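Letter by letter, the sequence shown follows residues -25 to -1, 1 to 132 in mature numbering (1 follows the signal peptide of the UniProt record, and there is no 0).
If you're looking for bench data, these hints aren't it; they were derived computationally from the structure.
Every value quoted in this text rests on a predicted model; they were computed, and no experiment measured them.
Glycine included, every Cβ here is placed at the ideal spot set by N, Cα and C.
One should not assume that every hint holds.
Unchecked claim - Between beta-carbon pairs, the in silico distance windows are:
| hint | residue 1 | residue 2 | range |
| --- | --- | --- | --- |
| 1 | ALA52 | LEU111 | 25 to 31 Å |
| 2 | GLN51 | ARG85 | 15 to 21 Å |
| 3 | ASP48 | THR26 | 17 to 23 Å |
As the list claims (entries may be wrong) - Below 16 Å or equal to it, Euclidean Cα-Cα: the simulated EDC-like pairs (lysine to aspartate or glutamate) are:
| hint | residue 1 | residue 2 |
| --- | --- | --- |
| 4 | LYS38 | ASP72 |
| 5 | LYS38 | ASP86 |
| 6 | LYS87 | ASP72 |
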Amino acid sequence: MVRMMTSPLLTVAATTTLFAQSASSFVPAATMSQHRHFFFFSTSSSDSYATPDEIQTLLQNEKTVILDVRRADEIQASGYLQTAKQQWVTIPCTPTDATLLQMTASNLLRDKSAPILVHCAAGKRAAMAKHVLEELGYTNVVNAGGFAALESFVEKN
């Protein structure tokens, strides 16, 4: 079951702490370094969005990790996907900076062959995150696009 949740407990400070969430709790996972790396990339046909069938299949797989690359204020405003099966991880990215993702992926996303469903608010940061993860050796990364694209899979409260 997938449902949209807004949580007053969800606080991801853009400059300090990163949180990973399992089905039951939030866990401080890492802190951000002062070093920044900027990424400039272009999208190509290989950066296409997942189909609804692909998303549905991934959401039914308990090994799928849902990676949210939105900022804390975006998550607070629109909620997040809470599932009974999957691990939910948030690693904020900007359109040109995926430093935090690059620095923490190996700690939070240990299995490089596990399916990762990445999304942001509109899809551009998710495409960048997919590209960065693939460069880091992750082999099963899928761009779900923007959070709004996932609405058909979200149970309304």
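>> Hint compliance check: list the failing hint numbers for this structure, sorted ascending.
In response: 2, 3, 4 and 6
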